[in-house]
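Q: Now for the letters of each chain:
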Amino acid sequence: MSEATAVKEHISHEHHGFMNTYIFSLDHKMIGKQFLLLGLIMLLLGGGLALLVRWQLAYPEQPLPLIGASQHYLETGEAETAMDSYWDSELSKTEDEQGWLVQKMPVGIITPAFYNALFTMHATIMVFFVVMPILVGAFGNYLIPLMIGTRDMAFPLLNMLSFWIAVVSGAIMLAGFFVPGGHAATGWTGYPPLSTDPAWTGVDWGQNLWCISLIVLGISSLMGSINYITTIINMRAPGMTYMRMPMVIWALFIVAILLLLALPVLTAALAMLVFDRLAGTTFFNPAGGGDPLLWQHLFWFFGHPEVYILILPGMGITSEILPVFSRKPIFGYKAMVLAMASLAFLSWIVWGHHMFQSGMNPSMGMTFMITTMVIAVPSAIKTFNWLGTLWGGSIRFTVPMLNSLAFVSMFVIGGLSGIFMASSAVDIFIHDTYYIVAHIHYVVFGGSIFAIFAGVYYWFPKMFGRMMNEPLAKVHFWLSFIAFNCTFFPMHILGVGGHMRRIYNPMQYEFLQQFEHMNIFITMSAFALGLTQLILLFNVFHSMFRGKKAGDNPWNANTLEWTAATPPPHGNFDAIPTVHHAPYEYSAPGISEDWLSQTNELQPTNGNGH
Amino acid sequence: MSDVFTEERANTLVQDYGGTPPPIGAGPSDPGNGGRQDSSGKSHANAILAMALFLGADVMFFAGLIGAFVVFRFGALHWPPPGQPLLPLGITGINTGILLISGAFMVKTWQNIDRWPHKKITKALTLTTLLGMTFLLVQGYEWFRLVAFGFKLTSGTFGGTFYTLIGCHALHVMGAVLWLATVTVRLARNRLDQQQRNTSIALIGMYWTLVVALWPILYGLVYWN
Ligand code: HEM
Ligand SMILES: [Cu+2]
Chain A
774 MSEATAVKEH ISHEHHGFMN TYIFSLDHKM IGKQFLLLGL IMLLLGGGLA
824 LLVRWQLAYP EQPLPLIGAS QHYLETGEAE TAMDSYWDSE LSKTEDEQGW
874 LVQKMPVGII TPAFYNALFT MHATIMVFFV VMPILVGAFG NYLIPLMIGT
924 RDMAFPLLNM LSFWIAVVSG AIMLAGFFVP GGHAATGWTG YPPLSTDPAW
974 TGVDWGQNLW CISLIVLGIS SLMGSINYIT TIINMRAPGM TYMRMPMVIW
1024 ALFIVAILLL LALPVLTAAL AMLVFDRLAG TTFFNPAGGG DPLLWQHLFW
1074 FFGHPEVYIL ILPGMGITSE ILPVFSRKPI FGYKAMVLAM ASLAFLSWIV
1124 WGHHMFQSGM NPSMGMTFMI TTMVIAVPSA IKTFNWLGTL WGGSIRFTVP
1174 MLNSLAFVSM FVIGGLSGIF MASSAVDIFI HDTYYIVAHI HYVVFGGSIF
1224 AIFAGVYYWF PKMFGRMMNE PLAKVHFWLS FIAFNCTFFP MHILGVGGHM
1274 RRIYNPMQYE FLQQFEHMNI FITMSAFALG LTQLILLFNV FHSMFRGKKA
1324 GDNPWNANTL EWTAATPPPH GNFDAIPTVH HAPYEYSAPG ISEDWLSQTN
1374 ELQPTNGNGH
Chain B
34 MSDVFTEERA NTLVQDYGGT PPPIGAGPSD PGNGGRQDSS GKSHANAILA
84 MALFLGADVM FFAGLIGAFV VFRFGALHWP PPGQPLLPLG ITGINTGILL
134 ISGAFMVKTW QNIDRWPHKK ITKALTLTTL LGMTFLLVQG YEWFRLVAFG
184 FKLTSGTFGG TFYTLIGCHA LHVMGAVLWL ATVTVRLARN RLDQQQRNTS
234 IALIGMYWTL VVALWPILYG LVYWN
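Read top to bottom, the protein sequences are chains A and B.
Quick note on our numbering: the first sequence kicks off at 774 and runs consecutively.
Quick note on our numbering: the second sequence kicks off at 34 and runs consecutively.
If you are wondering where the hints come from, they were derived from the structure by calculation, not from laboratory data.
Each hint should be verified, as a subset may be incorrect.
Here are the in silico distance ranges between beta carbons for each label pair [as the list claims (entries may be wrong)]:
| no. | chain 1 | residue 1 | chain 2 | residue 2 | range |
| --- | --- | --- | --- | --- | --- |
| 1 | A | A1060 | B | A96 | 20 to 28 angstroms |
| 2 | B | A235 | A | P1342 | 33 to 41 angstroms |
| 3 | B | A96 | A | M1273 | 31 to 39 angstroms |
Distance condition first, Cα-Cα at most 20 angstroms in a straight line; then the derived SDA-like pairs of lysine to any residue [what the hints assert, rightly or not]:
| no. | chain 1 | residue 1 | chain 2 | residue 2 |
| --- | --- | --- | --- | --- |
| 4 | B | K185 | B | L170 |
| 5 | B | K141 | B | A221 |
| 6 | B | K153 | B | K75 |
| 7 | B | K185 | A | K866 |
| 8 | A | K806 | A | P1340 |
| 9 | A | K877 | A | E863 |
| 10 | A | K1107 | A | L1160 |
| 11 | B | K153 | B | A235 |
| 12 | B | K75 | A | A1348 |
| 13 | B | K185 | A | G1053 |
| 14 | A | K806 | A | V900 |
| 15 | A | K866 | A | Q876 |
| 16 | B | K185 | A | G1061 |
| 17 | B | K75 | A | L931 |
| 18 | B | K141 | B | L247 |
| 19 | B | K185 | A | P1059 |
| 20 | B | K156 | B | T215 |
| 21 | B | K185 | A | L1051 |
| 22 | B | K185 | A | G1062 |
| 23 | A | K806 | A | L825 |
| 24 | B | K185 | A | A1052 |
| 25 | B | K152 | B | L163 |
| 26 | A | K1247 | A | W1328 |
| 27 | B | K75 | A | I1006 |
| 28 | B | K185 | A | P1340 |
| 29 | A | K806 | A | F1318 |
| 30 | A | K1322 | A | E1243 |
| 31 | B | K75 | B | R230 |
| 32 | B | K185 | B | L254 |
| 33 | B | K152 | B | V218 |
| 34 | B | K75 | A | L930 |
| 35 | A | K1247 | A | Q1306 |
| 36 | A | K877 | A | G960 |
| 37 | B | K75 | A | T1014 |
| 38 | B | K75 | A | L799 |
| 39 | B | K185 | A | V1047 |
| 40 | B | K185 | A | A1044 |
All C-beta atoms, glycine included, are put in the ideal place defined by N, C-alpha and C.
Working from the sequences, and respecting the hints, build out all of it.
A: Have a look at this one:
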């Protein structure tokens, strides 16, 4: 049977019903899109929670705009607007009959308990249900088979299960908002004793569901990572040696290894936490011989590899996009791969930098300080090699490129604040302040989310066969970039000024009252940042149906996904491609075009005879 | 300008890829079907690799639990804490022997899978399964006695770590025994072709080896005093 008929046969074996194509699809591309949709929906939700948090910080204990009660009602008790009458009727009911909204924010004022749940769930959702599903789930699934030149993942069924288990996990997580006692309110780090004893927070099943959801997510991630690693090791197209793999595949490969080894540790810790809560063990409770610090060690032993799980795919995407729009090979391919591998390795031995103030043995602080500072070396290698890639290139400021440049510059700021915090003496002062919040957001929003933007704009034509609207995308980029910096840069100043994170009402502290205007400015910028994302959503869904039709290779890029049809059919390629080159042969001497597809048999001259 | 650019580029090219790119076909994929799932050799290799990865994750899970145990045990003044029972060292020692023998059977079968006659393979696997069951029964009986003594999951960190750690291992053994029993029955009934047989035995062999190899570590850490 020839290759082509084999493929046809394979395709016609597929059932073509709606359910099998869109819901329980086994095709890695559809599963990737499903993860993308899941992540985008969760992004809206997580963003909404953040805006509620921001409102409370800028206008503490004042009714929310639009849904809150009017000033008139608050002063006189007379209903003036429609919302006033709603709050009025709800408040006159007995406590059991009151609706969900009035329990969480009577007259539109967020209660302290709900505030705690808000920032906890904002972070939990963003880390586990936005950045991971999109960067690892969506891009991993969509790109790995296409870019290594195979027809699907090694285990398509496992792949589908991994998605649906993630959905179940998300549903369990969201259910926590609606149980008595409210959702988990410990911060996304779940420190005991807050997380072990309902007496502290009043939260009962919210915390249980939080644990169970993350255990379930661990199963999904385990399936995904096994699939990714197996596929990359065993199923590369002929000629696709390891050192010819695109950087984003390297990044996803390393991330899958980190996921495989890091998440089970979290699962073990979560299992102990659930036992403490439900079965009466005392792992984290000193009264029964347990130790709350043990949780912190286990959580951060998982947690620091986790933050590299969030950033490495973004680094990969950036390394993919910069060469394409500089029309130059990536600078120092091998160094880039080694830098990622050493970041992954180092991420296992730095966890204590989250615990300088925890009461752990101070001599360990010194050790962790040194290992953490060492991280700056591979980080700097990455950064300088990106700059080296740009140097002397003929740069095209397309939207994916703009977002990748934002990634590089914002990651540098986030990395630098990391170095300050890594110094345990400095960290005594800034630990648990807004300085940390600034750092987190420069790396995760400035890094991971801008990488997501870049990746979506870059691969959208391949995914959906249409171009995204460029002017709209530029507006979205610039507004996001400006609003992002206005939102998060001032947080460094707040942090140095002693503004604690995770507090309900900063105005209660005299020394923080001077920051009221800055908090208001941050909140306004945050709302602008949130609203700007509606442009992206509109652009995605509008372009999906109305965008200009895209060719197979709109960016003149080299990697294999651009040799497939647009959008790629089930099975991806007519015939499995053979790879002849490293992925970044741009402007190669002796070639008439400024790009050289990995499947092109031409060899560039060695550059002596130009 | 463009000349300078080309020269620079050529230099990076030579540095990055050592002048000539690596040869075609150096990748491990089979050129014929490019990773389609209908090739049984490929899916065998995939399954083995996936199992190895799963075991890696499993080891990390146990590392988390063992880490917690180590913190408690070596941080405590008295272990077992006053008033808590000594764990059954002797009988569990014998039980350890039983599990190790079953592991030896498994490994021997796995190694000789292409040499031994079908009958012998089935017999060896049946023995492995029975030894695994014996291990579980003995351990179950010991748990029974411990609980009757009043030693429970809630007996401080001593009880908590004992039942979660040993319990997680017991769950693994239980899963492995069920799986092994299924494979053995299908083998006895001749339901597996050669390729399926080799794959199933390799997979359960890997899993069994991990479960058996973990046990002496747990025995030494948890039971020994
Ligand atoms: C140059 C590299 C980096 C260094 C030296 C560094 C250092 C640190 C340190 C010392 C802390 C603890 C501060 C404290 O709580 O007092 C921290 C927190 C944090 N870092 Fe980084 N970091 C780096 C890169 C990253 C990256 C790439 C990410 C994620 C993509 C990240 C995400 C986080 C998060 C989420 C926290 C806060 C965790 C929490 O307490 O909620 N960091 N970092
Ligand atoms: Cu860290």
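Q: Are the Cα positions of K877/A and E863/A separated by 20 angstroms at most?
A: holds, 12 angstroms
Q: Within 20 angstroms, alpha carbon to alpha carbon, are K141/B and L247/B?
A: Judged against 20 angstroms, a Cα distance of about 19 angstroms means the pair holds.
Q: Cβ-Cβ distance between A235/B and P1342/A: within 33 to 41 angstroms?
A: This hint holds: roughly 35 angstroms between Cβ atoms.
Q: Is K806/A within 20 angstroms of F1318/A, Cα to Cα?
A: holds, 15 angstroms
Q: Hinted pair, alpha-carbon criterion (20 angstroms max): K185/B, K866/A. Please report holds or violated.
A: Cα-Cα ~46 angstroms, so violated.
Q: Between K75/B and A1348/A, is the straight-line Cα distance small enough, at 20 angstroms or below?
A: holds, 18 angstroms
Q: Need the status of pair K185/B, V1047/A: alpha-carbon distance at most 20 angstroms?
A: holds, 17 angstroms
Q: Take the C-alpha atoms of K185/B and L170/B, compute the straight-line distance between them, and say whether it is at most 20 angstroms.
A: holds, 19 angstroms
Q: Compare the distance between the alpha carbons of K1247/A and W1328/A with 20 angstroms, and conclude whether the hinted pair is satisfied.
A: holds, 17 angstroms
Q: Compare the distance between the alpha carbons of K806/A and P1340/A with 20 angstroms, and conclude whether the hinted pair is satisfied.
A: holds, 12 angstroms
Q: Mind checking the alpha carbons of K185/B and G1061/A for me, to see if they're no more than 20 angstroms apart?
A: At roughly 13 angstroms apart (the allowed maximum being 20 angstroms), G1061/A and K185/B satisfy the hint.
Q: Hey, K75/B versus L931/A, does the alpha-carbon distance stay inside 20 angstroms?
A: holds, 17 angstroms
The earlier numbered hints that this structure contradicts are 6, 7, 23 and 28.
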